Amino acid sequence: MSQEDNKNVLDYNDKERDETLKKLSDYVDQFLEGRQNDFDLKLEKPLKINEDEFRELIGYYDSLKGVVDNGIFEENFFYILYKERKDYECTIPIKRLYIKFNIEDDDGETKYILHHVRGLSEKIELDCNNPQ
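The working numbering applies: residue 46 is where the sequence shown begins, and numbers increase by one.
In case anyone wonders, no lab produced these hints; they're calculated from the structure. It should be emphasised that the depicted structure is a prediction, and the values quoted were computed from it without experimental measurement. It is possible that part of the hints are untrue.
List of simulated lysine-lysine pairs, DSBU-like, C-alpha gap at most 30 Å [claimed, not checked]:
1) Lys60 - Lys90
2) Lys90 - Lys156
3) Lys168 - Lys87
4) Lys156 - Lys168
5) Lys93 - Lys168
6) Lys90 - Lys68
7) Lys87 - Lys68
8) Lys67 - Lys168
9) Lys87 - Lys156
Restraint-style ranges between C-beta atoms, simulated for each label pair [stated by the list, open to error]:
10) Lys87 - Lys60: 31 to 41 Å
11) Asp172 - Asp56: 19 to 29 Å
12) Asn147 - Lys67: 20 to 30 Å
13) Glu149 - Cys173: 43 to 53 Å
14) Glu96 - Cys173: 34 to 44 Å
15) Asp172 - Leu86: 14 to 24 Å
16) Asn82 - Asp151: 31 to 41 Å
In this text, a Cβ means the ideal position worked out from N, Cα and C, and glycines have one as well.
Could you put together the complete structure from these sequences and hints?
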(Lines of atoms letter the chains of each structure in order from A; the text may use other names.)
(Lines give C-alpha, C1' and ligand atoms only; values in the text may rest on other atoms or scores of the structure.)
Protein backbone atom coordinates (compact mmCIF):
# COMPACT_ATOMS: atom_id res chain seq x y z
CA MET A 46 0.00 0.00 0.00
CA SER A 47 1.31 3.45 -0.84
CA GLN A 48 2.00 6.21 1.67
CA GLU A 49 -0.96 8.10 0.22
CA ASP A 50 -3.30 5.18 1.01
CA ASN A 51 -1.97 5.02 4.56
CA LYS A 52 -2.52 8.75 4.97
CA ASN A 53 -6.14 8.41 3.82
CA VAL A 54 -6.76 5.61 6.32
CA LEU A 55 -5.44 7.84 9.09
CA ASP A 56 -7.76 10.69 8.03
CA TYR A 57 -10.69 9.06 9.90
CA ASN A 58 -11.29 10.36 13.38
CA ASP A 59 -12.84 7.91 15.85
CA LYS A 60 -16.38 9.19 15.32
CA GLU A 61 -16.14 9.05 11.49
CA ARG A 62 -14.61 5.58 11.66
CA ASP A 63 -17.35 4.24 13.94
CA GLU A 64 -20.10 5.84 11.84
CA THR A 65 -18.65 4.43 8.60
CA LEU A 66 -18.32 0.92 10.07
CA LYS A 67 -21.89 1.10 11.42
CA LYS A 68 -23.17 2.25 8.00
CA LEU A 69 -21.41 -0.69 6.31
CA SER A 70 -22.74 -3.15 8.88
CA ASP A 71 -26.27 -1.79 8.52
CA TYR A 72 -26.14 -2.10 4.72
CA VAL A 73 -24.83 -5.67 4.91
CA ASP A 74 -27.36 -6.76 7.57
CA GLN A 75 -30.34 -5.17 5.81
CA PHE A 76 -29.25 -6.59 2.46
CA LEU A 77 -28.95 -10.12 3.82
CA GLU A 78 -32.27 -9.80 5.65
CA GLY A 79 -33.96 -8.70 2.41
CA ARG A 80 -34.74 -5.17 3.68
CA GLN A 81 -32.11 -3.52 1.44
CA ASN A 82 -31.79 -3.73 -2.31
CA ASP A 83 -28.50 -4.38 -4.05
CA PHE A 84 -25.88 -1.85 -3.05
CA ASP A 85 -22.43 -0.74 -4.15
CA LEU A 86 -20.44 1.30 -1.62
CA LYS A 87 -17.02 2.55 -2.66
CA LEU A 88 -15.43 4.17 0.36
CA GLU A 89 -14.10 7.68 -0.19
CA LYS A 90 -11.26 6.83 2.19
CA PRO A 91 -10.07 3.29 2.99
CA LEU A 92 -11.30 2.12 6.41
CA LYS A 93 -8.97 0.17 8.72
CA ILE A 94 -10.70 -2.32 11.01
CA ASN A 95 -9.47 -5.16 13.20
CA GLU A 96 -10.15 -8.86 12.70
CA ASP A 97 -13.06 -8.95 15.17
CA GLU A 98 -14.77 -6.05 13.38
CA PHE A 99 -14.23 -7.75 10.02
CA ARG A 100 -15.70 -11.03 11.29
CA GLU A 101 -18.66 -9.14 12.74
CA LEU A 102 -19.23 -7.43 9.39
CA ILE A 103 -19.27 -10.73 7.46
CA GLY A 104 -20.30 -13.07 10.27
CA TYR A 105 -24.00 -12.30 10.15
CA TYR A 106 -24.55 -15.17 7.71
CA ASP A 107 -24.11 -17.69 10.53
CA SER A 108 -27.61 -16.89 11.72
CA LEU A 109 -29.26 -17.05 8.29
CA LYS A 110 -31.49 -19.96 7.41
CA GLY A 111 -30.45 -21.96 4.40
CA VAL A 112 -27.26 -23.19 2.88
CA VAL A 113 -24.17 -21.03 3.01
CA ASP A 114 -21.08 -21.56 0.92
CA ASN A 115 -17.98 -20.80 2.92
CA GLY A 116 -16.45 -17.39 2.42
CA ILE A 117 -13.75 -17.40 -0.21
CA PHE A 118 -10.62 -15.38 0.43
CA GLU A 119 -8.62 -14.37 -2.58
CA GLU A 120 -5.89 -11.80 -2.66
CA ASN A 121 -7.43 -8.49 -1.53
CA PHE A 122 -10.92 -9.85 -1.97
CA PHE A 123 -13.58 -11.61 0.09
CA TYR A 124 -16.71 -13.17 -1.32
CA ILE A 125 -19.63 -14.97 0.29
CA LEU A 126 -22.55 -16.63 -1.43
CA TYR A 127 -25.74 -16.95 0.61
CA LYS A 128 -28.43 -19.34 -0.58
CA GLU A 129 -31.89 -19.67 0.87
CA ARG A 130 -33.10 -23.10 -0.17
CA LYS A 131 -36.75 -24.06 0.06
CA ASP A 132 -37.71 -27.48 -1.22
CA TYR A 133 -41.11 -26.36 -2.48
CA GLU A 134 -39.81 -23.57 -4.71
CA CYS A 135 -38.40 -23.76 -8.22
CA THR A 136 -36.33 -20.63 -7.63
CA ILE A 137 -33.47 -20.17 -5.18
CA PRO A 138 -32.76 -16.59 -4.12
CA ILE A 139 -29.03 -15.95 -3.97
CA LYS A 140 -27.23 -13.06 -2.34
CA ARG A 141 -23.60 -12.32 -3.04
CA LEU A 142 -21.51 -10.14 -0.77
CA TYR A 143 -18.20 -8.82 -2.07
CA ILE A 144 -15.63 -6.98 0.05
CA LYS A 145 -12.47 -5.52 -1.47
CA PHE A 146 -9.70 -4.95 1.05
CA ASN A 147 -6.00 -5.05 1.84
CA ILE A 148 -4.48 -6.82 4.83
CA GLU A 149 -1.85 -5.17 6.96
CA ASP A 150 0.15 -6.53 9.89
CA ASP A 151 0.02 -3.97 12.69
CA ASP A 152 2.48 -5.11 15.41
CA GLY A 153 1.40 -8.74 15.05
CA GLU A 154 -2.31 -7.90 14.77
CA THR A 155 -4.07 -8.34 11.44
CA LYS A 156 -5.85 -5.22 10.18
CA TYR A 157 -8.25 -5.14 7.24
CA ILE A 158 -8.33 -2.01 5.12
CA LEU A 159 -11.70 -1.86 3.36
CA HIS A 160 -12.12 -0.16 -0.01
CA HIS A 161 -15.39 -1.40 -1.49
CA VAL A 162 -18.42 -3.38 -0.25
CA ARG A 163 -21.06 -4.62 -2.67
CA GLY A 164 -24.20 -6.73 -2.39
CA LEU A 165 -25.91 -8.37 -5.38
CA SER A 166 -29.10 -10.42 -5.51
CA GLU A 167 -30.20 -12.88 -8.14
CA LYS A 168 -32.39 -15.93 -8.52
CA ILE A 169 -31.50 -19.33 -9.89
CA GLU A 170 -34.33 -21.09 -11.70
CA LEU A 171 -34.52 -24.82 -11.11
CA ASP A 172 -36.10 -27.37 -13.40
CA CYS A 173 -38.98 -28.41 -11.17
CA ASN A 174 -39.99 -31.13 -13.61
CA ASN A 175 -36.62 -32.77 -13.11
CA PRO A 176 -35.88 -32.72 -9.35
CA GLN A 177 -32.30 -33.42 -8.36
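task: Please name the hints from earlier in the document that this structure breaks, with their numbers sorted from lowest to highest.
output: 4, 5, 10, 11 and 15
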